[in-house]
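Please build the complete structure, drawing on both the sequences and the hints.
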Amino acid sequence: MSVKSLKLRARLPFADHTIEFNETISLSGITALFGPSGSGKSTLLRIIAGFENRGNLRLTYNDEIWSDTNAGIFCAPHKRPVGTVFQDDRLFSHLNVAGNLAFAEKRSPMVKNPITVDHVVKSLDLLTLLNKCPSTLSGGEKQRVALGRTLLTQPELLLLDEPLSALDIRRKAELLPFLEKIPREFGVPAIFVSHAIDEVARLADEVILLSPDGYVSTRGPIPEIFDTQEMHDFTGKFEAGSFLQATVTAQDTTFQITSLDFEGEVLRMPMVASLNIGDRIRLRIRARDVAVGTSRPEDISIRNAIAATISEIKTENRTAFAEIVFAVGSQSLRARITRQAVAELGLEVGQEAFALIKSVSFDRRVMISALG
Amino acid sequence: MADLSPLWLTIQLAGTTTFFLLLLGTPLAWWLANTRSKARPVIEALTALPIVLPPTVIGFYFLILLSPTSTIGRFWVDITGETLTFSFTGLVIASMFYSLPFMVQPLQTAFQTVGRAPMEAAASLRASPLNAFFTVAVPMAKRGFLTAAVLSFTHTIGEFGVVLMVGGNIPGETKVISIAIYEHVETLRYAEAHQLAGGLMIFSFIVLMAVYALNRRAAVHVG
Numbered sequence: 000m001s002v003k004s005l006k007l008r009a010r011l012p013f014a015d016h017t018i019e020f021n022e023t024i025s026l027s028g029i030t031a032l033f034g035p036s037g038s039g040k041s042t043l044l045r046i047i048a049g050f051e052n053r054g055n056l057r058l059t060y061n062d063e064i065w066s067d068t069n070a071g072i073f074c075a076p077h078k079r080p081v082g083t084v085f086q087d088d089r090l091f092s093h094l095n096v097a098g099n100l101a102f103a104e105k106r107s108p109m110v111k112n113p114i115t116v117d118h119v120v121k122s123l124d125l126l127t128l129l130n131k132c133p134s135t136l137s138g139g140e141k142q143r144v145a146l147g148r149t150l151l152t153q154p155e156l157l158l159l160d161e162p163l164s165a166l167d168i169r170r171k172a173e174l175l176p177f178l179e180k181i182p183r184e185f186g187v188p189a190i191f192v193s194h195a196i197d198e199v200a201r202l203a204d205e206v207i208l209l210s211p212d213g214y215v216s217t218r219g220p221i222p223e224i225f226d227t228q229e230m231h232d233f234t235g236k237f238e239a240g241s242f243l244q245a246t247v248t249a250q251d252t253t254f255q256i257t258s259l260d261f262e263g264e265v266l267r268m269p270m271v272a273s274l275n276i277g278d279r280i281r282l283r284i285r286a287r288d289v290a291v292g293t294s295r296p297e298d299i300s301i302r303n304a305i306a307a308t309i310s311e312i313k314t315e316n317r318t319a320f321a322e323i324v325f326a327v328g329s330q331s332l333r334a335r336i337t338r339q340a341v342a343e344l345g346l347e348v349g350q351e352a353f354a355l356i357k358s359v360s361f362d363r364r365v366m367i368s369a370l371g
Numbered sequence: 000m001a002d003l004s005p006l007w008l009t010i011q012l013a014g015t016t017t018f019f020l021l022l023l024g025t026p027l028a029w030w031l032a033n034t035r036s037k038a039r040p041v042i043e044a045l046t047a048l049p050i051v052l053p054p055t056v057i058g059f060y061f062l063i064l065l066s067p068t069s070t071i072g073r074f075w076v077d078i079t080g081e082t083l084t085f086s087f088t089g090l091v092i093a094s095m096f097y098s099l100p101f102m103v104q105p106l107q108t109a110f111q112t113v114g115r116a117p118m119e120a121a122a123s124l125r126a127s128p129l130n131a132f133f134t135v136a137v138p139m140a141k142r143g144f145l146t147a148a149v150l151s152f153t154h155t156i157g158e159f160g161v162v163l164m165v166g167g168n169i170p171g172e173t174k175v176i177s178i179a180i181y182e183h184v185e186t187l188r189y190a191e192a193h194q195l196a197g198g199l200m201i202f203s204f205i206v207l208m209a210v211y212a213l214n215r216r217a218a219v220h221v222g
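As they're listed, the protein sequences go chains A and B.
Per numbering that gives the first Met the number 0, residue 0 is the first one in the first sequence, and the count goes up by one each step.
Per numbering that gives the first Met the number 0, residue 0 is the first one in the second sequence, and the count goes up by one each step.
Treat the hints as calculated values from the structure; they're not laboratory data.
Mixed in with the good hints, there may be bad ones.
[Claimed, not checked] Computed cross-link-like contacts, DSSO-like style, restricted to lysine-lysine with a CA-CA straight-line distance of at most 27 Å:
(1) LYS131(A) - LYS121(A)
(2) LYS111(A) - LYS121(A)
(3) LYS141(B) - LYS105(A)
(4) LYS357(A) - LYS171(A)
(5) LYS131(A) - LYS141(B)
(6) LYS6(A) - LYS121(A)
Right, dumping it as structure tokens:
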């Protein structure tokens with residue numbers, strides 16, 4: 000199927016600023032609209048869904064005009080082939096789970112190779128929930144039902160409006176794998192709105208970063224966009240980190256540990272059961288989770304110690320911190336430590352040292368095509 | 000034993016009034032719950048007027064409005080040959096206005112509680128606005144419908160002043176239960192008055208109790 004594109008030009012006055020947006024989004028995989036609250040990201044999603052139609056807008060989907068405020072053209076929300084998953088699940092309380100799914104299925108258009116109820120129920124693990132009332136479900140279960148219900152409308156585009164933000168950390172972790180596999184498994188691209196960098200890093204293929212004043216500050220694919228100044232300005236040094244690629248070498252079910260090969264070094268992380276040996280994966284390691292040692296420590300709980308060469312030391316003069324960049328093979332790993340530590344350990348560029356990684360988080364599988 | 004025909008007439012009047020009020024009040028309540036129009040407070044005030052006005056005031060103006068000398072009254076006489084005043088049809092029209100707030104206000108509250116969110120979800124699931132109204136808004140507001148219908152019905156049963164002014168006291172046509180009770184009392188036939196008045200009290204009590212019980216059970220289900 001050829002890649003469709005969505006073109007949105009919007010000028011929307013708000014109380015204290017104006018949202019300006021003029022972008023073409025090519026619809027494949029997951030595109031994230033990422034920015035702080037007030038940047039208008041949810042409003043942009045509501046415009047695409049057809050729930051907002053004010054200001055100065057022009058929205059086209061391939062050659063179809065969905066909104067054009069100047070020409071007075073407006074395509075009603077229920078006629079657009081998009082499906083929205085809302086922040087609050089918005090399940091119909093007068094229907095049980097099966098009834099909610101049937102509501103969508105009954106109204107879906109005829110398409111070739113439709114998404115079936117069976118497929119959705121199996122993929123989103125809904126079988127045990129079918130006869131339940133929405134009010135008895137957990138937050139994560141509700142969002143799974145909402146996601147399944149939306150898929151059954153046979154959407155050409157999914158709009159995900161902060162579907163994780165109402166959930167606690169545990170429920171979020173339960174739902175993430177489902178959100179992650181949906182676009183590929185069902186062949187539906189998605190636009191994902193979020194203000195949480197870990198969600199964006201894990202789910203998105205491309206990021207459009209919105210500034211607090213309502214304009215697009217930068218856009219680009221992951222992981223490259225995380226190296227841009229605009230992204231650093233937004234996320235701050237606290238969230239700064241590195242994306243690394245590694246290969247799965249072993250799954251230890253006794254200790255629940257996945258072992259990885261990273262440029263000839265061994266990395267271990269809490270087991271991700273869905274991975275297979277030989278999988279090429281992307282990791283995200285926050286700079287603040289990396290410590291530095293001048294010798295390999297033995298009696299310490301941190302299991303990941305990597306020998307590497309310091310390629311750069313960036314000191315932040317007005318703070319207590321410095322960023323150490325290690326070169327590991329062809330990849331680089333950042334550590335954020337105090338300037339005092341840099342001075343007392345006598346760290347210098349070119350020196351061999353050890354990067355002690357406190358926490359490794361699995362980001363996603365690397366697509367073969369992305370490897371080039 | 001008292002003549003029971005006023006009782007049947009009353010139930011007929013209350014039933015007919017409630018039925019037509021549902022048809023008229025539902026779209027009006029939906030509009031009031033969703034509009035951003037500046038006309039909303041005006042319409043809301045007009046709708047609430049029957050709560051504060053003495054029924055005789057409503058009855059008086061309807062008597063003038065429906066009389067054969069008015070435009071509406073004459074038009075009705077021209078097409079049906081009957082007058083609207085002192086007729087069952089005239090009573091239904093006046094009762095609809097009299098009970099309008101009891102239909103519109105619970106419905107408006109119910110629709111406002113449903114809110115825009117489920118309607119957007121329905122649109123996202125490709126339901127047209129009308130389809131979403133019947134398959135999402137109405138079922139979600141069902142307690143509001145129950146309350147509105149019961150209140151309109153019982154309120155119409157209890158009306159006296161409007162009926163007296165517009166309908167008079169014609170057996171089988173406009174002589175409803177409250178008028179019959181009044182007549183029994185005036186003619187000092189207390190036994191018959193007791194039968195009708197006591198019966199009405201028990202009936203109203205049972206209906207209201209049933210509604211509250213149903214509402215409570217629904218609350219457990221709906222959460």
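Cross-check of the supplied hints:
At roughly 16 Å between alpha-carbon atoms, LYS131(A) and LYS121(A) fall within 27 Å of each other, so this suggested pair holds. Note on LYS111(A) and LYS121(A): the hinted pairing holds, with a Cα-Cα distance of about 20 Å set against a maximum of 27 Å. A threshold of 27 Å between alpha carbons decides the hint, and for LYS141(B) with LYS105(A) the separation of about 23 Å falls inside it, so the pair holds. For the hint linking LYS357(A) to LYS171(A), the alpha-carbon distance of about 22 Å falls within 27 Å, and the restraint holds.
The straight-line distance between the Cα atoms of LYS131(A) and LYS141(B) is roughly 20 Å, inside the 27 Å bound, and the hint therefore holds. Proposed proximity of LYS6(A) and LYS121(A) is contradicted: the alpha carbons are some 34 Å apart, above 27 Å.
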